[in-house]
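Asks: This is what each chain is made of:
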Amino acid sequence: MAKKTFQGRALLPGKIEGKALVSHAAFNTSGSYLTNMFAGETEKAICTDAANKDLYGKDLKGAIICTTTGVGSTLGGCVLMGMNELGVGAKALLYAWSVDSVAAAGLFMSDIWNGKRIITIDMLGDEFLEAVNTGDPIAIHEDGTVEVG
Amino acid sequence: MKSGTSIKQTTKSPDYAGTMLHSDMDEQSSRGAAAKPDPKKPHQMSLTKEEQDIMNGSKGELMAKIMKIVVAHGNAFFAEKLVDLGGAMHTSMYFGTSYMAPLIKIFNECAEAGLKAYAPYTVNPRPYDVYNVNNNAKDIELIYDGYKLQREVDYIHSRLGAPDQNRQSCACYVDEVGNAPAPGTYVAWAESSAVNYGNSVLGIRTNRNATGMELLCALLGKAPLFGLMTDEGRMAKWLVEVKTTKEPDWGLVGTAIGRKVVEDVPYITGLDKYFGGKVTNENMHLLKAMGSATASSGAVGLYHVEGVTPDAKEKGKQLLVEGYQTYVIDDAEQERVRRTFENQWIEKDANPTHCFIGCPHNTYKELVTWGKNVTEALEKRGQKKLEVPMYLFCANVVRDHLVEEEPLLVGAMKRAGMKFTNMCTVSYAGMKGFSERVNGVTNSAKTRNYSNVRYFPDDVLLEIVLTGKIPKGA
Numbered sequence: 001m002a003k004k005t006f007q008g009r010a011l012l013p014g015k016i017e018g019k020a021l022v023s024h025a026a027f028n029t030s031g032s033y034l035t036n037m038f039a040g041e042t043e044k045a046i047c048t049d050a051a052n053k054d055l056y057g058k059d060l061k062g063a064i065i066c067t068t069t070g071v072g073s074t075l076g077g078c079v080l081m082g083m084n085e086l087g088v089g090a091k092a093l094l095y096a097w098s099v100d101s102v103a104a105a106g107l108f109m110s111d112i113w114n115g116k117r118i119i120t121i122d123m124l125g126d127e128f129l130e131a132v133n134t135g136d137p138i139a140i141h142e143d144g145t146v147e148v149g
Numbered sequence: 001m002k003s004g005t006s007i008k009q010t011t012k013s014p015d016y017a018g019t020m021l022h023s024d025m026d027e028q029s030s031r032g033a034a035a036k037p038d039p040k041k042p043h044q045m046s047l048t049k050e051e052q053d054i055m056n057g058s059k060g061e062l063m064a065k066i067m068k069i070v071v072a073h074g075n076a077f078f079a080e081k082l083v084d085l086g087g088a089m090h091t092s093m094y095f096g097t098s099y100m101a102p103l104i105k106i107f108n109e110c111a112e113a114g115l116k117a118y119a120p121y122t123v124n125p126r127p128y129d130v131y132n133v134n135n136n137a138k139d140i141e142l143i144y145d146g147y148k149l150q151r152e153v154d155y156i157h158s159r160l161g162a163p164d165q166n167r168q169s170c171a172c173y174v175d176e177v178g179n180a181p182a183p184g185t186y187v188a189w190a191e192s193s194a195v196n197y198g199n200s201v202l203g204i205r206t207n208r209n210a211t212g213m214e215l216l217c218a219l220l221g222k223a224p225l226f227g228l229m230t231d232e233g234r235m236a237k238w239l240v241e242v243k244t245t246k247e248p249d250w251g252l253v254g255t256a257i258g259r260k261v262v263e264d265v266p267y268i269t270g271l272d273k274y275f276g277g278k279v280t281n282e283n284m285h286l287l288k289a290m291g292s293a294t295a296s297s298g299a300v301g302l303y304h305v306e307g308v309t310p311d312a313k314e315k316g317k318q319l320l321v322e323g324y325q326t327y328v329i330d331d332a333e334q335e336r337v338r339r340t341f342e343n344q345w346i347e348k349d350a351n352p353t354h355c356f357i358g359c360p361h362n363t364y365k366e367l368v369t370w371g372k373n374v375t376e377a378l379e380k381r382g383q384k385k386l387e388v389p390m391y392l393f394c395a396n397v398v399r400d401h402l403v404e405e406e407p408l409l410v411g412a413m414k415r416a417g418m419k420f421t422n423m424c425t426v427s428y429a430g431m432k433g434f435s436e437r438v439n440g441v442t443n444s445a446k447t448r449n450y451s452n453v454r455y456f457p458d459d460v461l462l463e464i465v466l467t468g469k470i471p472k473g474a
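Here the protein sequences line up with chains A and B, keeping their order. Counting with this note's numbering, you get residues 1 to 149 for the letters of the first sequence. Counting with this note's numbering, you get residues 1 to 474 for the letters of the second sequence.
Think of the hints as simulated: they come from the structure by calculation, not from any bench. One should not assume that every hint holds.
[What the hints assert, rightly or not] Residues of chain A clear of chain B, computed beta-carbon distances all greater than 12 Å:
id, residue
1, K4
2, G14
3, K91
4, E147
[What the hints assert, rightly or not] Heads up, simulated BS3-like pairs for lysine-lysine below, C-alpha to C-alpha not over 27 Å straight-line:
id, chain 1, residue 1, chain 2, residue 2
5, A, K44, B, K313
6, B, K105, A, K91
7, B, K432, A, K61
8, B, K313, B, K237
[Stated by the list, open to error] Cβ pair distances, simulated, as ranges:
id, chain 1, residue 1, chain 2, residue 2, range
9, B, E342, A, D126, 52 to 58 Å
10, B, D231, A, K53, 35 to 41 Å
11, A, G87, B, K59, 55 to 61 Å
12, A, K15, B, P183, 44 to 50 Å
13, A, G149, B, N56, 55 to 61 Å
Ideal Cβ positions, reconstructed from N, Cα and C, are used throughout, including at glycine.
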């Protein structure tokens, strides 16, 4: 497939390559990790958000999650921190729109206080989500550019 | 505009989660939170020299980290600057489950270093009560297994500025609890219903903060200026016209609004006649019920009621943005929303086992009203005790007010089977292992929006607790 490049805002920059995991619906941050939050699961992070047809049942551990923005409980920030601590957090969060303020709070707290970063690029535009599919190779660069394909 | 359907998608929680997940702020998002800027040129708010010095470590490593987080968060949402906070903070960091450990670690470090919030603050109710609700052995097991870090949370708040657990309440703004900053005060609050009431009825200025961010801001004494803290962010994108022929069902109207506007600000007309132009201790519970429903069915952090709430009194319909949308709630629309509250009990035809009143926490007026209504109805029927125990959720200081003012009534209430508790309704009703064996009823749309507890108006609830049965057709 032809490579496409998108420019986003590097909120928490980093360089990484992997495969995309795409959610066309907004990512329900707390709703996606219920097994880890309440059932003691520490090996995987199987998405528990039944309303999310793209992600439900898929393992979010180490994923590069591509979505619109975040929704869900104000606990979402704590959940991102907690998943990072458990070792089942995402490697990167790529948002087509602006990051939501709840996720942003947890991402910054995890990065600045605990030194545990989840690479976060937002404002990649709707075109990004139209172009990327689950399983596509994806490369994230320090300056917030994202290559798909 | 014709009334429409919700755009909310609900998330079904797996069994092991009980219904604890949906405790706050579902559907919160940042659509339209920021204009598309040049991503290559990150926003940088202006900082004073003192703020910059703190970031560079003038007040120690921990304060530098706090400043960096708060500034980074503000920059992400194009905050113009930091503003000094007044009044007092209210926090939603109230439960000690295992996944909260990283957040608890942060604030434990702060407490050990002797940091304090800029003012004594208030905290949401604890998630359980081991004294007042007759727990059985299984309940106690669930509590101590599920909230292993609760002591750490309580101890953190004690050291940072909230030692008095008798004031823990989601309704921090009632007189007895006393966290009601003056209109226009910048604060950093969390807890969706408190933010919603504070912004709308008190006229304070706070964003809907993620759990933890409100505490960081309180330790700093500053918050980034954006969103609902700004004049622009407080403008209404929706005109909601309430045209019911009788006093509306406040929980249903709130649910309808939240589902429709999701996270936007509504300007609501048609309600001023129920307030006589003023919010008082006698009528504040109506807005508490409506507002918390808007925040739990959507993510409303601020609403305006024409002729009633402070922003609306000052600016009227000038608060509406150009091109606003209109939503009419009439009897038919209210009834349509009521029908969406389907019966979610596991055993549909079972009899009710618990009645939950007070989400958000009860005001003094609500306690008196329920106490008199229940005890008088029992006397009239020649009945000694309720068939369904009623749990009245309130801050201890509100309960104590009632004990002082109405000791005989309190005695009659206790004998009738009414229990006072200061915990969080949603955490209790939704506790894993508990919610599955409880057939709960409530008059709180917020509780209904977050759990499988069934919703009924007050008069029907009274009949239910007296008879132990759900009336036919209710």
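Asks: Does each hint hold? Answer for all of them.
Replies: Hints and how they fare:
no.	hint	verdict
1	K4	16 Å, holds
2	G14	15 Å, holds
3	K91	18 Å, holds
4	E147	15 Å, holds
5	A:K44 to B:K313	53 Å, violated
6	B:K105 to A:K91	22 Å, holds
7	B:K432 to A:K61	25 Å, holds
8	B:K313 to B:K237	18 Å, holds
9	B:E342 to A:D126: 52 to 58 Å	35 Å, violated
10	B:D231 to A:K53: 35 to 41 Å	40 Å, holds
11	A:G87 to B:K59: 55 to 61 Å	33 Å, violated
12	A:K15 to B:P183: 44 to 50 Å	49 Å, holds
13	A:G149 to B:N56: 55 to 61 Å	43 Å, violated
Consistency with the previously given hints fails for numbers 5, 9, 11, 13, ordered from lowest to highest.
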